[in-house]
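Trainee: Going line by line, the protein sequences match chains A, B, C and D. If you count by my numbering, then the first sequence holds residues 1 to 458, one letter each, in order. If you count by my numbering, then the second sequence holds residues 1 to 141, one letter each, in order. If you count by my numbering, then the third sequence holds residues 1 to 196, one letter each, in order. If you count by my numbering, then the fourth sequence holds residues 1 to 93, one letter each, in order.
If you are wondering where the hints come from, they were derived from the structure by calculation, not from laboratory data. Just to be clear, a hint being listed does not mean it is correct.
FRET-style restraints, in silico, Cβ to Cβ [unchecked claim]:
| hint | chain 1 | residue 1 | chain 2 | residue 2 | range |
| --- | --- | --- | --- | --- | --- |
| 1 | B | K134 | A | D191 | 53 to 63 angstroms |
| 2 | D | S86 | A | D191 | 54 to 64 angstroms |
| 3 | C | P13 | B | M33 | 48 to 58 angstroms |
Just so you have them, the derived chain B footprint on chain A, three or more residues with Cβ under 8 angstroms [stated by the list, open to error]:
| hint | stretch |
| --- | --- |
| 4 | 178-188 |
| 5 | 389-395 |
From chain A, some residues computed to sit far from chain C (all C-beta separations above 12 angstroms) [unchecked claim]:
| hint | residue |
| --- | --- |
| 6 | L134 |
| 7 | L156 |
| 8 | K232 |
| 9 | A239 |
| 10 | T244 |
| 11 | S267 |
| 12 | V268 |
| 13 | R292 |
Yeah, the Cβ is synthetic: ideal placement off N, Cα and C, and Gly gets one too.
Spelled out from the first residue to the last, the chains are:
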Amino acid sequence: MQYQSQKVAMPYFIAAIGLFTGQILFGLIMGLQYVMGDFLFPAIPFNVARMVHTNLLIVWLLFGFMGAAYYMIPEETESELFSPKLAWLMFWIFLVAGALTIVGYLLVPYAGLAKMTFNDLWPTMGREFLEQPLPTKLGIVVVALAFLFNISMTILKGRKTSIALVLLMGLWGLAVFFLFSFYNPSNLVLDKYFWWWTVHLWVEGVWELILGSLLAFVLIKVTGVDREIIEKWLYIIVAMTLITGIIGTGHHYYWIGTPEYWQWFGSVFSALEPIPFFMMTVFAFTMVNRRRREHPNKAATLWALGTGVMSFLGAGVWGFLHTLAPVNFYTHGTQITAAHGHMAFYGAYVMVVLTIISYAMPVMRGRAANSEKAQVMEMWSFWLMTVAIVFITLFLTAAGILQVWLQRVSDTPMGFMAAQDQVTLFYWLREISGVIFLIGLITYIASFFVGGETKEAA
Amino acid sequence: MSQAFTKSMARNIFFGGSAFFFLLLVALTFDTMQVLPKRDHRENITPAVERGKMVWEKNDCIGCHTLLGEGAYFAPELGNVYKRRGGEFVKAWIKSQPTKVPGRRQMPQFNLTDQELDDMVAFLKWTGEINTSKWPPNIEG
Amino acid sequence: MSTPSIVLHSHKPGSPPGDLAIWFFIFAELLAFGIFFGSYAFSRAHHVELFNQSQLLLNRESGAINALVLITSSYFVVRAVAAIKQGLDRECANWLAAAIGLGCVFVVIKLFEFHAKFSAGISLSTNTFYMFYLSLTIFHFMHVILGMVILAAVMLKARRGGYTPEEHTGVETGASYWHMVDLVWVVLFPLVYVIR
Amino acid sequence: MNTPPQPHFVRPCTRIWLALITLTAVTYSIGEAGLGGKNIMLLVLGITLLKSQMIASYFMGLRKASPMWRIIMASWLVIVGGMIASAYLMGLQ
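Isolated chain A, as found in the complex (with noise of 0.2 angstroms):
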């Protein structure tokens, strides 16, 4: 580690494993109440667990890009970061601000979290995703703002790759476009035609610039190939990432009373999303194939590869599926949905952070890459967390179907509540597969306590 603020990842990447936990913890609470529907109420309704369960995510990853970013910028401009003391500060700041989110969502009925935190005011409370009362934002501004200007001074005072830049621009888009978060007018299509500004534009826009720089980054580091041609592949993937990605936001507004044009641009565009992905697969492969070291740190480029992989797969493969607006005329809003969320969050963002958690972590505690037995427990948890992942989407994708099949393209339809009591048998074993994933985890932290003679300093 030739800079010695790269350090201050660390601290970012212990809370986002530790925010990741809490995130699978929920999941399975959840998985649970889909099958025994009072477990745990009304201690905590499913729609707590929920709100948890997706909140953890995302900030978790937002963890994990803040650590990649402060891994990678010294290393990339060759300079010191500006500002070490500000990363920590802003790391406190954010970690009891999501802490107190997160107890307020617990012990607080939700009608009461908003009249304590001023949603009257202004009102931002109660969409999917965005559930986080007012100050909450705030604070996730404040530290994203913070955060921006400490990433931004050191790359203006050093030196300017386009990993770097790319990642920059990432980071300022998905500031920019969390901005929209705050506006809630009264007019619900308005409302939810924003909202995708702020969701859509971020996991298939903004955040694929992330996924790619620092999957870029790691490629270079682990295979050693010269940066000219990585950082050329680099801006085709996420040039083709926004070129299908920006209209490709029309697949949300089949039916939320937007006019029926976006029917054809919505399909069109998204259908060329997978595009992207495929390159990145290709691209990591390419890159492995051509390698021109034999880096020690086997697990990471293990994660590399499957980042690639499974992003195709899950963000690509499964959001293929239903993203013709014929075909999402009857699995909008059913378990397919949520399949696929399942396997694109996993494929694209949680793997690629993990890729630069795997790959970083060893080098800030000194050594190139962990004992061969760590790095082979890194590797079994890669594959209990994978598999369990695919089998999540597959046992979702048939409820879904099912569910399709019962309460939608019959021609006597099912009630919701009817149609959910005969896709159970999937539920059950979606809750397996979810507590596989979680050793799978368990599995992935223990790696790190793992002895063993470690490979030379690099």
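Starting from the known structure of chain A, fit chains B, C and D onto it as the hints suggest.
Mentor: Relative to the frame of chain A, chains B, C and D by itself:
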């Protein structure tokens, strides 16, 4: 990859392409904003509908239900519940929760006042009248 | 010291003229337009009468003139590439200026056509034909503008002598993109304005 | 430094340009005549594909590029042409 493919050209395509398509999104958004009033009947947004949306959001209904297909998939779609069940049923249902039937999915008791219940029904009625291109496929939602 | 006669060309033999990245972008655009053309064709199959009826209101003259304009400006760009290969910077810049001039003619004709349609109350939501007609022509219109921006950048650099017979990939890159824009209109014009 | 000779592709491109102009005029006149039906459609489509192939080979210079690029462009033209033709025939039933 061959040398014929330069990084600076790739960067230009990245900047040009994303700016181009963001402009296209803004143009389409502008057109959508012109056409929307005829499709969402915003003239029917009474103060009750606005208050109803606030009640919907304050109690995080989206945490279990879907509205026009977006939200959580734990409980029924409510975009067309006014047409499916009618306002009185909705109010009676909310007041009578939770059912406490063992093993069944439970809806919390939100202790809504009668005013809030009427506002919620007004909001769900208005939502049901949005022209959603004939979605959902049937009344079950 | 005699200048080497053979042309040192960093260009990989066999790869198309200009930067390979632009060809990647060209085929992505052609893919998007191809899907749009297919969508137009197949949804026409379901509303033949509506499409034929609505097509009558189109201004076929402006479509045809625009086709001639774009083909001619494409030809001018070919002459510009030829000029730069001879090292004639000024002439290359003039050919490019002529091509951009014709591009402006295309834009003006298109603006009149759109103005006529919008003032006649036709919009994206009027019916499926006009939705496709406006989507395709506006989407192509924006490509013409982007193409003109690229050509302008290349022209300025050519005028400053930025290209040599040995190294003028930029001119070929801009040319290839402009030809793609022309190619799309060559397919779009008969499909939307003529076939019935 | 004497100016290198005019590249070989200028003369054919001029001829191609004139051919494209006339073919566009032919298409336009078919349109003006308001003709319809399968044969006319196939004629117009044929002209369009011919024009496109000319632009791709001569203007875009794919003639000198390796076969892979020519195949990609040709297959795009065939697929789009095929879709238009088959959709038109579907519409006739």
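Trainee: A separate judgement is required for each hint: does it hold in the structure or not?
Mentor: How the hints compare with the structure:
1. Take B/K134 and A/D191: their Cβ atoms lie about 22 angstroms apart, and the range 53 to 63 angstroms is violated.
2. Judged by the Cβ atoms, the range 54 to 64 angstroms given for D/S86 and A/D191 is violated: they are separated by roughly 43 angstroms.
3. Our hint of 48 to 58 angstroms for C/P13 and B/M33 holds, since their Cβ atoms are close to 52 angstroms apart.
4. Beta-carbon proximity to chain B at under 8 angstroms applies to 4 residues in the stretch 178-188 of chain A; the threshold of 3 is reached and the given coverage holds.
5. A count of 0 residues in the stretch 389-395 of chain A with a Cβ less than 8 angstroms from any Cβ of chain B is obtained; the coverage claim is therefore unmet, three being the minimum.
6. Against chain C, the non-interface label of A/L134 holds: every CB pair exceeds 12 angstroms, the least being about 37 angstroms.
7. With a least CB separation of 26 angstroms from chain C, A/L156 remains clear of the 12 angstroms interface cut-off, as annotated.
8. Listed as a non-interface residue, A/K232 fails to keep its Cβ farther than 12 angstroms from every Cβ of chain C; the least gap is roughly 8 angstroms.
9. Not every CB of chain C lies more than 12 angstroms from the CB of A/A239, the least distance being 7 angstroms, so the non-interface label is violated.
10. For A/T244, the shortest C-beta to C-beta distance to chain C comes to about 8 angstroms, within the 12 angstroms cut-off, and the non-interface label is violated.
11. Residue placement check: A/S267 does not keep its beta carbon more than 12 angstroms from all beta carbons of chain C (closest about 8 angstroms).
12. Separation of A/V268 from chain C is inadequate, the least Cβ-Cβ distance of about 5 angstroms not exceeding the 12 angstroms criterion.
13. Distance to chain C confirms A/R292 as a non-interface residue, since its nearest Cβ pair spans about 22 angstroms, more than 12 angstroms.
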